[in-house]
Amino acid sequence: MAATSDQGFAVPVVPLSYGKPMPRVGLGTASFPHCDDGDQPHVREAVLRAIDAGYRHFDTAAVYGTERAIGDAAAEAVRAGTLASRDELYITSKLWIADAHPGRVLPALRKTLRNLQMEYVDLYLVHFPVSMKPQEGGAGAILVKEDLVAMDMKGVWEEMEECHRQGLAKAIGVSNFACKKLEYLLSFAQIIPAVNQVEVHPYCRQNKLRAFCREKGIQLCAYSPLGGKGAPWANNSVMESPIIKQIAQDIGKTVAQVGI
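Residue numbering for the sequence shown follows UniProt numbering, starting at 1 and increasing by one per position.
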């Protein structure tokens, strides 16, 4: 069933190959630079306002620094009666590359769950198809080329599958995987990735990857649908596009609505 806000706004959902149907529109909580302790109140307030507006899908990651604020906001929304329970939400988080090693996946997810103050996430993704040397004392958000190493994808995915079997992640998936990486993963996966989250917008349409995922029963999920302004990979062409602006004017919508 689609989540409904007090204003009666129903969020459309898409069924996955397993797990709970995923709301088609969600709020991403990445920022650059990533959030620190001083940013938590601002993130918490943004999430609370989004819940009031009808959002039910929230996307975070270990490296974003926003898991705790999302958990605080969810708990407050339940206390206030805005949500009947945490089960009304769809929470996505991601395994950071410093923990993308056999023996580190389950502990990383358990840390995410402590931050979120939740017993499970609805979707847990491998953030990138690469690993980084384990970092002591933090997620290791600063990328240094010399620290990157090839991922033991089979070992990592086996532990992702165990996260699902233990009920800690209702669905598992990947992010930033191209067709070849997905094909390799599918060659040994016992549980297929339910989702592949990648950059998709009018100037990055991912037609080949979209077709591949559809054929394999993997739901493609778009991040940066408006171009990711402010991110290192930002493409500001979406919001500034004369063509998209004209389409928006012609159909009485905003540029953002057309982009999404």
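Take these hints with a grain of salt, some might be off.
Keeping only pairs whose Cα atoms sit at most 16 Å apart, straight-line, the calculated EDC-like set for lysine to aspartate or glutamate is [said to hold, decoys possible]:
| no. | residue 1 | residue 2 |
| --- | --- | --- |
| 1 | Lys170 | Glu240 |
| 2 | Lys229 | Glu183 |
| 3 | Lys154 | Glu199 |
| 4 | Lys170 | Glu88 |
| 5 | Lys229 | Glu215 |
| 6 | Lys180 | Glu162 |
| 7 | Lys181 | Asp152 |
| 8 | Lys133 | Glu119 |
| 9 | Lys133 | Asp147 |
| 10 | Lys20 | Glu76 |
| 11 | Lys170 | Glu215 |
| 12 | Lys180 | Glu215 |
| 13 | Lys208 | Glu240 |
| 14 | Lys133 | Glu146 |
| 15 | Lys216 | Glu183 |
| 16 | Lys20 | Asp72 |
Simulated from the structure, these hints should not be mistaken for lab results.
Results for each hint:
Distance hint between Lys170 and Glu240 is unfulfilled; the C-alpha atoms sit about 38 Å from each other, more than 16 Å. Proximity of Lys229 to Glu183 is assessed by CA-CA distance (about 31 Å); at most 16 Å being required, the pair is judged violated. For the proposed pair Lys154 and Glu199, the alpha carbon gap of about 24 Å is over 16 Å, so the pair is violated. Taken as a hint, the Lys170 and Glu88 pair is honoured in the structure, with Cα atoms around 14 Å apart against an allowance of 16 Å.
At roughly 31 Å between alpha-carbon atoms, Lys229 and Glu215 are farther apart than 16 Å, so this suggested pair is violated. Between Lys180 and Glu162 the alpha-carbon distance is near 24 Å, which puts this suggested pair outside the 16 Å criterion. A threshold of 16 Å between alpha carbons decides the hint, and for Lys181 with Asp152 the separation of about 12 Å falls inside it, so the pair holds. Among the hinted pairs, Lys133 with Glu119 is inconsistent with the structure: their alpha-carbon atoms are about 28 Å apart, more than 16 Å.
Simply put, Lys133 and Asp147 have alpha-carbon atoms about 5 Å apart, close enough for the 16 Å limit, and the pair holds. With a C-alpha separation of about 23 Å, the suggested pairing of Lys20 with Glu76 is violated against the 16 Å cut-off. Restraint check: the Cα-Cα separation between Lys170 and Glu215 comes to about 22 Å, which exceeds 16 Å; the hinted pair is violated. Between Lys180 and Glu215 the CA atoms are separated by roughly 14 Å; this keeps the pair inside 16 Å, and the hint holds.
Restraint check: the Cα-Cα separation between Lys208 and Glu240 comes to about 26 Å, which exceeds 16 Å; the hinted pair is violated. Straight-line distance between C-alpha atoms of Lys133 and Glu146 comes to about 9 Å, which keeps the hinted pair within the 16 Å bound. Annotation: proposed proximity of Lys216 to Glu183 holds, straight-line Cα distance about 9 Å (limit 16 Å). Among the hinted pairs, Lys20 with Asp72 is inconsistent with the structure: their alpha-carbon atoms are about 22 Å apart, more than 16 Å.
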